[in-house]
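Read off the chains here:
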Amino acid sequence: MTSAHLHAAGLRRDERMERWRLFGLGSPALLLVLVILVIPVGWLFYVSFIGADGNFSLENYERMIARKSYSRIFITTFQVSLLTTALCIVIGYPLAYFMSQLPTKWANLCLITVLLPFWTSLLVRTYAWLVLLQKQGLVNQWAISIGLWDEPLKFVHNMTGTLIGMVHIMLPFLILPVYGAMRSIDRDYMKAASNLGASPRRAFWTVFFPLSTPGLFAGSLMVFVLCLGFFVTPAVLGGGRVIMVSMKIVSNIELFVNWGAASALGVVLLVLTVIILWIASRFLKLEQMTGGGH
Amino acid sequence: MANWLNSPASETQVTHGQRLWLYVFAGVIMTLLVLPTLVVIPMSFSDSQYLEFPPETWSLRWYRNYFESDEWMRATVTSLKVAVLTMLVATPIGVLAAYALHASKLPYIRAAFVMLLTPMMVPVVLIAIGAFYAYVKLQILYTITGLVLAHTILAIPLVVIVTGSALKSYDMNQENAARSLGAPRWMAFLTITLPQIRFAVVTSMLLSFLASFDEVVIAMFISGGDNPTLTRNMFNALRDQIDPTIAAISTIMVLITTLMMILAQLFGRGKS
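In order, the protein sequences belong to chains F and X. 1 is the number of the first residue of the first sequence in our numbering; add one for each residue after it. 1001 is the number of the first residue of the second sequence in our numbering; add one for each residue after it.
Each hint should be verified, as a subset may be incorrect.
[Stated by the list, open to error] Chain X stretches covered by chain F per the calculated footprint, using a threshold of three residues with CB under 8 Å from any CB of chain F:
no.	segment
1	1071–1082
2	1121–1128
3	1131–1143
4	1150–1157
5	1171–1184
6	1194–1203
7	1212–1226
[Claimed, not checked] To give an idea of the chain X side of the interface with chain F (calculated C-beta under 10 Å), a few residues:
no.	residue
8	A1002
9	L1005
10	S1007
11	G1017
12	L1022
13	E1056
14	W1058
15	L1060
16	R1061
17	N1065
18	A1103
19	K1105
20	V1160
21	I1242
22	T1257
[Stated by the list, open to error] Partial pick of chain F residues on the chain X-facing surface, computed with a CB cut under 8 Å:
no.	residue
23	Q101
24	T104
25	L270
The set of hints was computed from the structure by calculation and includes no laboratory data. C-beta: ideal position from N, C-alpha, C; glycine also.
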């Protein structure tokens, strides 16, 4: 063997070593996620297949299909998630469009109104809506005093309150990626469309809108997935009338100490989330989904 | 005004007048986004049992209630302690992981990256009951250590994403240049790379702090005993009745968040 060969082998070994050393730097984070999340969730997966008698059984899953109360919970969860996502799109898309048309300086100012709630504690925002929407709350007081309606309307402890709170909390997750996508659209495209004779409406729907769909898709998906597992806002603003999967999981543990039932629900929730994210990842890059526009 | 309404607002010659509905709509929505939280602040200074706006008589009654309650004070100290510790643990671990993932060329990178992001994708309720089970076995249920570890895994994906995207726009050749001039890798990282991704690191710290400070669901399960968190106590109080003390606490929480953001702006001012 020549010395050049030896040298090359040495370099290769060094490179391999360095790769592994770098991997070692990431290991504390990986280890922590493994011990605190992956292994316990794996155990929950196992528990969900254990029946009351301690043997393997599918009873936890059968119950989900057989009992009406369970199917109702899944329907509610999907209803709330779909409605929230739809409302976020209807409200968030025009707002993002508005901001994308402003000069950067003004747009950044408007962006603060989106970021401020984003940073504020979820619990504080949920509480704020509870205060505003309750029977003697600000909204009812104000509406009655100017004669919009006579009797205090019930806005909280039902579906309406839950949706208002959830839309408020989810809006930034939709607006930020949509706004990011819109900002990166070259404005000359619209000029060109207009020049070629397209009406403003046609130019918007055939040029601008399709170019903004990656952001819209990523944002809607994020909102939907987050809604599926949501707990705090429906628990407080739903007042026990809107029961979502995550709330059933909590009550299964806290009230009934039924780990099997809770785990099975959790597994179904997780599998649904993974399937949705997997389908989405075939259309989008993972970075786009998590990084959003910002 | 009439001139402005008839002037073109976009490349397609739509006038501002035709877009007026959009401006009004956007104004209303932006107000609704910010207002609810802001309204709570004056309400917290009311003297009344019932939350009113504007308050008829002003007082610090609910603040006194909060500061004089041992229970609330203990919860606040626990929450702050856990949030600071989470920030101090999650940031270095996450930055190291982001750096390793960025610099390493191992084929398992993508898999590792996905695993580091799982805490973002797994429904938080599931993480909570999983941690609850694990902590009973590890005997760290209701401890500060347990809370910090669980909140750290929530914060890691945030740190990895923020730092990772900063590293992507950073030219690694600068670090390689330092190393070829004889600096060991850690020194090249500390003196060349780190100062340039400073803003991302400070943002990561802020995000980790807030992720922990605002967290409710995990804290519901694994905090308690001597160490309940502020959010856990708040959530329980919310379920029972609308106690105006919560308005005072909310105001303080908003204040802490704002303070953190200002600090991050001051210390992290950079290109980004």
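If any of the earlier hints don't hold here, list their numbers in rising order. Hints 1, 5, 6, 8, 9, 10, 11, 13, 14, 15, 16, 17 and 24 not satisfied by this model.
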